[in-house]
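Undergrad: Build out the structure end to end from the sequences listed, making use of the hints.
First to last, the protein sequences are chains F and E.
Numbering that gives the first Met the number 0 numbers the first residue of the first sequence as 0 and each following residue consecutively.
Numbering that gives the first Met the number 0 numbers the first residue of the second sequence as 0 and each following residue consecutively.
No incorrect hints appear here.
Here are the computed lysine-lysine pairs in the DSS-like style, where the Cα-Cα straight-line distance is at most 27 Å:
no. : chain 1 : residue 1 : chain 2 : residue 2
1   : E       : 327       : F       : 119
2   : F       : 115       : E       : 327
3   : E       : 120       : E       : 219
4   : E       : 194       : E       : 280
5   : E       : 337       : F       : 119
6   : E       : 219       : E       : 16
7   : E       : 194       : E       : 219
8   : E       : 120       : E       : 155
9   : E       : 337       : E       : 16
By construction, these hints were calculated from the structure, which means they are not laboratory data.
So the chains spell out like this:
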Amino acid sequence: MNPVIVYSVVVLGLVAAGAAVILFVVAKKFKVDEDPRIDEVTEMLPGANCGGCGYPGCRGLAEALVQAADNGDLGGLTCPPGGNEVMAGIGEYLGLAVEESGPTVAVVRCGGTREKAPAKLEYDGPARCSIAHSLFAGESGCPYGCLGLGDCVVACDFDAIHMNGDSGLPEVDEEKCVSCGACVTACPRNLIEIRPSGRKNRRVWVACQNREPGGVARRACSAACIGCGKCVKACPEKIQAITLENNLAYIDPAKCIACGKCILACPTGAIQATFEPVKPKPKPAAAEAAPSGS
Amino acid sequence: MRMKTFPQGGVHPPENKISAEAPIQVLDRPSRVQIHLGQHLGAPAVPLVQKGDRVRVGTRIGEGKSFISAHVHSSVSGTVVKIDDVLDASGYRRPAVVIDVEGDEWEESIDRSPELVREIKLDAHAIVERIKDAGVVGLGGACFPTHVKYMFPEGKQADTVIINAVECEPYLTSDHRLMLERADEILVGAQILMKASGVNRVIIGIEANKPDAIELMARKARSVNGIEVAPLKVQYPQGAEKQLIKALLNREVPSGKLPLDVGCVVNNVGTALAVYEAVQKNKPLVERVVTFTGRHLERSGNFMVRLGVPVSAMAARLELNISEDTAKVISGGPMMGKAIAGLEIPVTKGTSGIVLLEAGAAQRLTVQNCIRCGRCVTACPMGLEPWRLEKLAQLDRFEECEAAGAADCIECGSCSYTCPSARPLLDYIRHGKANVMRMRAERRQK
Chain F
0 MNPVIVYSVV VLGLVAAGAA VILFVVAKKF KVDEDPRIDE VTEMLPGANC GGCGYPGCRG
60 LAEALVQAAD NGDLGGLTCP PGGNEVMAGI GEYLGLAVEE SGPTVAVVRC GGTREKAPAK
120 LEYDGPARCS IAHSLFAGES GCPYGCLGLG DCVVACDFDA IHMNGDSGLP EVDEEKCVSC
180 GACVTACPRN LIEIRPSGRK NRRVWVACQN REPGGVARRA CSAACIGCGK CVKACPEKIQ
240 AITLENNLAY IDPAKCIACG KCILACPTGA IQATFEPVKP KPKPAAAEAA PSGS
Chain E
0 MRMKTFPQGG VHPPENKISA EAPIQVLDRP SRVQIHLGQH LGAPAVPLVQ KGDRVRVGTR
60 IGEGKSFISA HVHSSVSGTV VKIDDVLDAS GYRRPAVVID VEGDEWEESI DRSPELVREI
120 KLDAHAIVER IKDAGVVGLG GACFPTHVKY MFPEGKQADT VIINAVECEP YLTSDHRLML
180 ERADEILVGA QILMKASGVN RVIIGIEANK PDAIELMARK ARSVNGIEVA PLKVQYPQGA
240 EKQLIKALLN REVPSGKLPL DVGCVVNNVG TALAVYEAVQ KNKPLVERVV TFTGRHLERS
300 GNFMVRLGVP VSAMAARLEL NISEDTAKVI SGGPMMGKAI AGLEIPVTKG TSGIVLLEAG
360 AAQRLTVQNC IRCGRCVTAC PMGLEPWRLE KLAQLDRFEE CEAAGAADCI ECGSCSYTCP
420 SARPLLDYIR HGKANVMRMR AERRQK
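TA: Below, the structure is given as structure tokens:
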């Protein structure tokens with residue numbers, strides 16, 4: 000036999016044996032005990048790494064879930080894109096009950112379409128909302144309104160939000176939206192809110208964030224909330240879902256019964272809904288709403 | 000003789016100093032002024048007046064309470080109508096005092112005689128107090144409260160005061176006209192600053208495109224001890240503090256440090272005049288010189304404007320009809336100024352000029368891909384790599400922006416000016432810088 004081959008085999012064999020011993024010792028000595036459940040739970044999660052749960056990626060949430068399971072309470076942890084189904088599976092695996100949360104969706108709180116909030120200026124800088132926001136109040140002059148440059152669209156990992164070319168406002172695709180909240184963070188004007196989808200997908204929201212006095216707000220946008228308080232009065236007495244603060248109305252989704260009375264009461268059309276409000280003509284409008292004097 | 004300038008980067012845009020020959024005119028008083036409470040760098044002033052109060056010219060209407068802040072004074076006499084949020088140059092509403100003008104009564108403590116007072120009676124401490132009381136801020140545009148510059152921290156001492164009369168921004172001529180018309184007062188102002196800082200050397204830096212100002216200032220300065228006038232080669236951004244120090248004294252301000260760390264205090268020439276008036280005449284900062292200009296306008300001019308007067312008053316005085324061909328209105332110079340929302344915004348302490356651009360000049364060119372030519376790197380006076388900072392900021396990679404020196408950017412715009420692909424370099428670098436600053440503030444809080 001060729002001695003070169005013999006030497007090679009022997010030398011390499013010795014090196015391999017030595018390395019194997021070192022690796023064995025190191026693996027034993029520096030072994031990190033990781034809960035095998037973390038890997039299992041990570042597998043169950045959607046794997047989008049969207050960050051909607053507030054943790055860095057799916058593995059981050061899995062670690063938090065396993066740790067929470069050891070403490071015996073999974074409260075507060077949820078995977079928005081996975082929804083109840085995924086969470087129920089994980090709960091079963093970890094042997095703990097999971098609070099079921101209703102479906103939620105991102106809602107754009109600005110009604111300043113090109114028609115209602117016409118542009119008075121022209122912005123020619125880079126198409127980034129964050130940059131435009133730092134430079135000026137916006138083309139329409141509303142310092143709270145949508146800048147229309149699409150930072151939310153870029154932020155969305157699920158292709159669920161798009162700019163409407165006619166209105167100049169973003170629109171949420173309910174089918175695709177997993178309410179991860181990436182667009183909420185991306186919007187420099189805090190216009191997007193994650194709200195419950197509502198019973199039978201009926202929901203009502205104030206599509207405005209303008210906190211200026213009514214007259215000033217109206218000058219920039221005809222669909223601005225002017226803080227008149229008519230919606231507060233229109234809201235059924237037992238419900239009282241609407242609060243008025245800093246010239247701006249807010250509808251608490253936890254209280255709102257989606258009767259639509261505030262929509263009819265709003266003089267500027269700042270309140271939007273996923274349904275057509277029924278005008279209270281001959282018959283009582285909503286069964287669950289208590290009849291009021293006015 | 001080879002003239003001094005800073006060695007690294009810089010550009011030379013067309014100067015367009017159209018209004019250089021126009022003497023400073025005093026603008027008539029309007030019927031109403033809107034005086035913003037935040038006209039300076041730092042915390043806005045706290046209003047001292049209420050609706051219905053009578054004020055006179057020089058009455059303090061806003062008090063700067065925190066360390067970096069400045070007082071605000073009424074620029075007119077009349078009645079306070081309201082304290083409300085008023086549109087500022089960016090289109091956002093900020094708190095302001097609105098005053099209806101009646102007559103022109105001045106506070107009695109103000110010496111309104113035109114006599115030149117050469118003798119400086121106050122000591123250094125009293126001078127700084129006067130400057131603070133008068134609400135003087137840097138009139139070059141950044142509006143940094145002047146008195147703060149002269150409150151040296153323990154163990155620091157300056158050896159030179161630099162008077163910045165460079166006016167490197169194209170179009171603007173307000174500093175140029177001030178030197179030609181108020182040279183004596185400026186020189187006394189410079190002496191006051193000398194006394195306030197305890198130095199015996201003042202250098203007035205003037206770019207060579209103002210030969211008449213150089214000649215006049217140099218002649219008048221000959222009779223004053225310690226003041227020298229230095230002509231500088233025309234190069235933008237020479238008016239930036241760090242570049243000016245490098246050009247005049249060949250000293251480099253290290254990253255993250257202040258001019259005082261290399262023994263300098265830099266003040267604008269307009270600030271020197273404001274200091275003279277504050278200290279010798281007890282007059283608060285209630286007016287400033289503003290250039291109103293544009294290449295396509297029939298007339299342009301320089302005006303002494305009371306603070307809070309709408310910009311449109313200057314157009315009215317020039318009998319200009321601002322028509323369709325004006326595409327952009329800029330407050331400040333075309334390089335560093337900001338486009339404003341309209342002519343109805345009030346003049347503030349930082350309004351050095353109003354430049355109207357015609358459609359062709361205002362338009363941004365189509366953005367093309369970076370061709371790696373490196374012109375932005377050559378042009379950057381701070382030795383940064385603008386193309387790289389732009390890319391990083393565009394991708395929101397702010398940690399890397401910080402490592403690449405985004406915080407050192409002086410936002411002069413030389414990179415954007417020189418880019419053959421018309422890339423919005425500065426827009427993105429500012430975005431990166433703002434986030435780096437935010438990150439640093441957060442880190443400090445922890």
